[in-house]
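Visitor: So the sequences go chain by chain: V and H. For what it's worth, this note's numbering labels the leading residue of the first sequence as 1, then goes sequentially. For what it's worth, this note's numbering labels the leading residue of the second sequence as 1, then goes sequentially.
The hints are all genuine.
Covered by chain V, according to a simulated footprint, are these stretches of chain H (three or more residues, beta-carbon under 8 angstroms):
1) 165 to 172
2) 184 to 198
3) 208 to 220
Here are some, though not all, of the chain H residues that point toward chain V, as calculated from beta-carbon distances under 10 angstroms:
4) LEU36
5) PRO137
6) LEU138
7) GLY139
8) GLU176
9) CYS201
10) ASP202
11) ASP231
12) VAL235
Cβ-Cβ distance ranges computed for the label pairs, FRET-style:
13) ASP109/H <-> THR75/V: 52 to 62 angstroms
14) GLY18/V <-> ALA180/H: 34 to 44 angstroms
15) PHE103/V <-> PHE14/H: 26 to 36 angstroms
16) ARG77/H <-> ASP281/V: 44 to 54 angstroms
17) LEU100/H <-> GLU117/V: 48 to 58 angstroms
18) ARG234/V <-> GLY226/H: 17 to 27 angstroms
19) GLU219/H <-> ASP281/V: 17 to 27 angstroms
20) PHE14/H <-> GLY186/V: 45 to 55 angstroms
21) ALA22/H <-> SER200/V: 36 to 46 angstroms
22) ASP60/V <-> GLU224/H: 50 to 60 angstroms
23) ASP281/V <-> ASP109/H: 51 to 61 angstroms
24) ARG88/V <-> THR44/H: 19 to 29 angstroms
25) LEU95/V <-> PHE14/H: 22 to 32 angstroms
None of these hints come from the bench; they were simulated from the model. C-beta atoms are modelled at their ideal positions from N, C-alpha and C, and glycine is treated no differently.
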Amino acid sequence: MSAVVSPLVVEGVSKRFGDVVALDAVSIELRGAELFGLVGPDGGGKTTLFRILTTLILPDAGRASVLGLDLLRDTWAIRARVGYMPGRFSLYPDLSVEENLRFFASVFGTTLEEGYELIAPIYRQIEPFRDRRAGALSGGMKQKLALSCALVHRPDILLLDEPTTGVDAVSRREFWDLLGSLRSSGLPIVVSTPYMDEASRCDRVALIQQGRVLAIDAPEAIGERFPDRLFAVRGSDRYAMLQALRGYARAASVFPFGDELHYSERRTDVAPDAVADEVRDFLHSSGFGDAEVVPIRPGIEDTFMALMGASGAAA
Amino acid sequence: MTPAIDVHGLTRRFGGFTAVDAITFHVERGEVFGFLGANGAGKTTAIKMLIGLLAPTSGSASVAGFDVISQAEDVRRHIGYMSQRFSLYEDLTVRENITLYGGIYGLGDAEIRERGDALIATLSLGGAARERVSSLPLGWKQKLAFSVALLHEPAVVFLDEPTGGVDPITRRQFWEMIYAAAARGTTVFVTTHYLDEAEYCDRVSIMVEGRIAAMGTPEELERENGVSTLDDVFVRLARPDGAPAAPPDGTSTAPRRR
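Turn these sequences into a full structure, and let the hints guide you.
Guide: Laid out in structure tokens, this is it:
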């Protein structure tokens, strides 16, 4: 196969609802069987994009193809070959685990037995509860059932809208492990999340905010787009230190970041260690005797915030 | 001075199942405390006891200086509660929500007006005071819900996954509001599934199967476990056998297609 067709191409897709621009000329292209993340806050347009790609709503402008099929012309062919897990739990709570699976298989003209091999690694974890009503499952188990239902007809691409929202950290990690295995077996996956820490589990991510793509890259490369120098500041009185640093003349931005503060400034003509020393001296002289300042590599959240500021999208 | 939250051997059984198993901890006044645990670890049961909604089987607890068993009504009057999803009425306006909650918390009309004005000014919500809450962006809703939970100046405020789903800048604005409240002496008790959110707390505890398996500053817990994030600490504790439920990438047990 020399003429490799990208499993997903989105070109300049826009969608508006009344005055609200949900998607503003979004372009994305998958490179084969990637685990591709759409990362951004609620209301950013992630769900609208999924609804367009699953042919549930039409874009106002732009083009898209899924598995080489045109969104407008090949609607029915796309539907048969896509596995979609919507953001809200969308299974039948009054049907059992197994009944849900059989139902979804039958809708796609297949059977649970035919799809079993593909879903087995996931389904086996909930199979002991196959007679339990889906509504009575824990969050982590519901999510595994929903993924099984999205996979049972052996789709050629998976579209998952915030599959890990509301699920505890252990189940989330298991779920991302499962997605990694599926991707390795050759299945392209597009998955959305509002949680920046999950972006590192993807091959590439698109950062999305207010309907616009801020950046597309490998997670480790996103940090390199941070425009300034970044430093981590540690000390006992974080909140007072934050306020003091905001008043420091050289500060470009100061944000709380877990149990640290992240401080950035524009100067590039001074060595990072020298800047760190200056900032530390400032904090020491301001009464924060235990303050420590070290240069750090920016992460996805740092870059996201910088790009939000640059695009004027800050709330 | 008594701690803001003081818990000794707190236990709750349901039939033969021990949901909360003799937990002991305290939270200082003005502290931001993260109360963590996997689904089913006993967090919700513990919180219901702390806010006087569920009687313990044994043990004792005080919140804001009041005993949760004998003074449950006083406890409820001195706490605030915010859940990301449920704490505001979407069909009421910003101002109506403030008035409603002010009334529920027993404030007088003049107090409600004054504190409502101050709240709306602080959040720069002036233009939206007559808008329905359902029309506000999620980040504004969260900030408003938090401010409303503080309207009666409670000693302790309980926050359930306070910053889910918002952009990273709004999320930090929210944490600055939490820090500001703590700096004024309000004790903040946070539950969340998101361990990167828990990193913002002064101290955290992690519940596993009804017990507190770890407690300390995020840095202490990371150091003790030899890992760099609370997420890693959590997964180690919540799955002590270390057996992954899913095969790692690329192994022969990976799902096969066709």
